[in-house]
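Asks: Build the full structure now, drawing on both the sequences and the hints.
Protein chains in written order, with our numbering: chain A, 1 to 197; chain B, 1 to 197.
Some hints here could point you the wrong way.
Lysine-lysine pairs mimicking DSSO-like chemistry, simulated, CA-CA at most 27 angstroms apart [said to hold, decoys possible]:
hint, chain 1, residue 1, chain 2, residue 2
1, B, Lys-115, A, Lys-50
2, A, Lys-137, B, Lys-170
3, B, Lys-120, A, Lys-170
4, A, Lys-120, B, Lys-170
5, B, Lys-191, B, Lys-170
6, B, Lys-191, A, Lys-137
7, A, Lys-98, B, Lys-168
8, A, Lys-137, B, Lys-180
9, B, Lys-98, A, Lys-168
10, A, Lys-180, B, Lys-147
11, A, Lys-147, B, Lys-180
12, A, Lys-168, B, Lys-120
13, A, Lys-170, B, Lys-115
14, A, Lys-168, B, Lys-170
15, A, Lys-147, B, Lys-191
16, A, Lys-191, B, Lys-168
17, B, Lys-30, B, Lys-115
18, B, Lys-30, A, Lys-30
19, A, Lys-170, B, Lys-170
20, A, Lys-168, B, Lys-191
21, A, Lys-115, B, Lys-168
22, B, Lys-137, A, Lys-191
23, B, Lys-147, B, Lys-191
Keep in mind the hints are simulated off the structure, nothing from the lab.
Protein chains: 2
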Amino acid sequence: MQPFTERQIEIMEAATQRIDAHGIQTLTIKNLAADLGLSEPALYRHFENKNAILLGLLNYFSAEMVARLADVRSLSYGSSAEELRAVFDSQLRAFTAKPSVVSVIFAENIFHYDKRLSAKVADIMDVMQGHVTDNIKTGQAAGEYSKLLSPATLTTIVVGSMRLAVLKWKVSGNRANLVKDGRTVLDGVLKMLSTNN
Amino acid sequence: MQPFTERQIEIMEAATQRIDAHGIQTLTIKNLAADLGLSEPALYRHFENKNAILLGLLNYFSAEMVARLADVRSLSYGSSAEELRAVFDSQLRAFTAKPSVVSVIFAENIFHYDKRLSAKVADIMDVMQGHVTDNIKTGQAAGEYSKLLSPATLTTIVVGSMRLAVLKWKVSGNRANLVKDGRTVLDGVLKMLSTNN
DNA sequence: GCAAAGTTAGTTATCGTTTACTAACGCTGC
DNA sequence: GCAGCGTTAGTAAACGATAACTAACTTTGC
Numbered sequence: 001m002q003p004f005t006e007r008q009i010e011i012m013e014a015a016t017q018r019i020d021a022h023g024i025q026t027l028t029i030k031n032l033a034a035d036l037g038l039s040e041p042a043l044y045r046h047f048e049n050k051n052a053i054l055l056g057l058l059n060y061f062s063a064e065m066v067a068r069l070a071d072v073r074s075l076s077y078g079s080s081a082e083e084l085r086a087v088f089d090s091q092l093r094a095f096t097a098k099p100s101v102v103s104v105i106f107a108e109n110i111f112h113y114d115k116r117l118s119a120k121v122a123d124i125m126d127v128m129q130g131h132v133t134d135n136i137k138t139g140q141a142a143g144e145y146s147k148l149l150s151p152a153t154l155t156t157i158v159v160g161s162m163r164l165a166v167l168k169w170k171v172s173g174n175r176a177n178l179v180k181d182g183r184t185v186l187d188g189v190l191k192m193l194s195t196n197n
Numbered sequence: 001m002q003p004f005t006e007r008q009i010e011i012m013e014a015a016t017q018r019i020d021a022h023g024i025q026t027l028t029i030k031n032l033a034a035d036l037g038l039s040e041p042a043l044y045r046h047f048e049n050k051n052a053i054l055l056g057l058l059n060y061f062s063a064e065m066v067a068r069l070a071d072v073r074s075l076s077y078g079s080s081a082e083e084l085r086a087v088f089d090s091q092l093r094a095f096t097a098k099p100s101v102v103s104v105i106f107a108e109n110i111f112h113y114d115k116r117l118s119a120k121v122a123d124i125m126d127v128m129q130g131h132v133t134d135n136i137k138t139g140q141a142a143g144e145y146s147k148l149l150s151p152a153t154l155t156t157i158v159v160g161s162m163r164l165a166v167l168k169w170k171v172s173g174n175r176a177n178l179v180k181d182g183r184t185v186l187d188g189v190l191k192m193l194s195t196n197n
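Replies: Right, here's the structure in full:
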């Protein structure tokens, strides 16, 4: 989307960390300014209002994710399963590097009071599901995945399983190894889905 | 837990519906009182404070769910798969009957600002996972389910898939048929998990 | 020397909650 | 059979705290 200034990125990351650590209810301009060691009006030098910070941060993380996944998928893989592993590996590594992002990306409900914000979150979810559905269709066409279930149902199973793995990691206080645990779940799904087990 | 008065239940259901429709950010005493056609202080005749309303509603729905699922599982079934279908059938029917409850039961993040509230939501999630893990262990022991994957991984897959099915229904504005769509996903998982396909 | 980025000191609106009061009801005991 | 009394559930008005935001001034770096 837009190119953000350094200060804007600082503000958006501080907002994300606050939402992650203490919930959106505590995301006030006062708290956010204090987190950054700034006065409240200083924030308004960089964003028009509080909502613009939230919309900005969703656009910021969404753009990063779209670009990164496009990158991952532009490579060539020996099999559909291999590509799917690469996609989730990239995603789970990104979450591990910036755990607080998860609290904002997986947050259909906390932005429910604003159409634009909740639409953006739904949009991010659709991007991931799109990648998975593509992968499943290709894998089924190649005879690598079982055709017992429809791509739609399989997408729900794959994405749902991975989302819950992430949620469990979050509930554990990010103490678990998300890349490893997520890989175990994905391998499990692939094992059941594969035609040559 | 406690037996709630009729008025308390009215208040808790109004709060749940508001969270569902407009997000927790708009759950103020003023809005809630207006929804009920009452004055603000009237609410304090029935709950000590705003937090008690939220804690009360989580306890209220959690108790209903625990009792209902215990009931479902007290019956006897021809197979583990049949029992699992009955558990989720009951759960999805309950969600369909009271769609707003989902927004509050699936809300690890919106209660993040309060330990007691988020612990209660985590607790509710554990109850469901416990039922599923039990079922999977029994099904594996009976040779009905594949032993290729651990009960923990299979639980993540089953519960994760069903949660995403519910979330999709919610995002669709509850327009879809949750009982039917959820059943499709569960049947899909069971098909892959079953030893005699 | 000036634009960008910060400050102090306010604004108005709304938050959760309390105070003080009342109408309606059910139980006593004579 | 009803006066006296306590309880329940409501109200209007106001509380202090805090929300998002702004006007006006100062500092800073090229």
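Asks: Work down the list of hints and note, for each, if the structure agrees.
Replies: A quick look at each hint next to the structure:
1. For the proposed pair Lys-115 (chain B) and Lys-50 (chain A), the alpha carbon gap of about 26 angstroms is at most 27 angstroms, so the pair holds.
2. Using a Cα cut-off of 27 angstroms, the hinted pair Lys-137 (chain A) and Lys-170 (chain B) holds, with the two alpha carbons roughly 25 angstroms apart.
3. About 16 angstroms separates the Cα atoms of Lys-120 (chain B) and Lys-170 (chain A), which keeps this hinted pair within 27 angstroms; it holds.
4. Restraint check: the Cα-Cα separation between Lys-120 (chain A) and Lys-170 (chain B) comes to about 16 angstroms, which is no more than 27 angstroms; the hinted pair holds.
5. The suggested pairing of Lys-191 (chain B) with Lys-170 (chain B) holds, with an alpha-carbon distance near 25 angstroms, which does not exceed 27 angstroms.
6. Distance check on the hinted pair: Lys-191 (chain B) and Lys-137 (chain A) sit about 19 angstroms apart at the alpha-carbon level, within 27 angstroms; holds.
7. Under the criterion of a C-alpha separation no larger than 27 angstroms, the hint pairing Lys-98 (chain A) with Lys-168 (chain B) is consistent with the structure, at around 26 angstroms.
8. Restraint check for Lys-137 (chain A) and Lys-180 (chain B): the C-alpha separation of about 23 angstroms stays at or below 27 angstroms, so the hint holds.
9. As the CA atoms of Lys-98 (chain B) and Lys-168 (chain A) are separated by approximately 26 angstroms, the hinted pair is consistent with the 27 angstroms bound.
10. For the hint pairing Lys-180 (chain A) with Lys-147 (chain B), the CA-to-CA distance comes to about 21 angstroms; that is within 27 angstroms, so the pair holds.
11. Using a Cα cut-off of 27 angstroms, the hinted pair Lys-147 (chain A) and Lys-180 (chain B) holds, with the two alpha carbons roughly 21 angstroms apart.
12. Between Lys-168 (chain A) and Lys-120 (chain B) the CA atoms are separated by roughly 15 angstroms; this keeps the pair inside 27 angstroms, and the hint holds.
13. For the suggested pair Lys-170 (chain A) and Lys-115 (chain B), the alpha carbons sit about 15 angstroms apart, so the restraint of at most 27 angstroms is met.
14. Proposed proximity of Lys-168 (chain A) and Lys-170 (chain B) is supported: the alpha carbons are some 21 angstroms apart, at most 27 angstroms.
15. For a cut-off of 27 angstroms, the pair hint linking Lys-147 (chain A) to Lys-191 (chain B) stands: about 12 angstroms separates their Cα positions.
16. Taking the CA atoms of Lys-191 (chain A) and Lys-168 (chain B), the gap is near 25 angstroms; set against the 27 angstroms cutoff, the hint holds.
17. Restraint check for Lys-30 (chain B) and Lys-115 (chain B): the C-alpha separation of about 24 angstroms stays at or below 27 angstroms, so the hint holds.
18. Proximity of Lys-30 (chain B) to Lys-30 (chain A) is assessed by CA-CA distance (about 23 angstroms); at most 27 angstroms being required, the pair is judged to hold.
19. Between Lys-170 (chain A) and Lys-170 (chain B) the CA atoms are separated by roughly 22 angstroms; this keeps the pair inside 27 angstroms, and the hint holds.
20. Between Lys-168 (chain A) and Lys-191 (chain B), the direct Cα distance comes to roughly 25 angstroms. Compliance with the 27 angstroms bound is thereby established for this hinted pair.
21. Between Lys-115 (chain A) and Lys-168 (chain B) the CA atoms are separated by roughly 17 angstroms; this keeps the pair inside 27 angstroms, and the hint holds.
22. Pair hint Lys-137 (chain B) plus Lys-191 (chain A) holds up; C-alpha atoms about 19 angstroms apart against a cutoff of 27 angstroms.
23. Simply put, Lys-147 (chain B) and Lys-191 (chain B) have alpha-carbon atoms about 14 angstroms apart, close enough for the 27 angstroms limit, and the pair holds.
Of the numbered hints given earlier, the model fails none.
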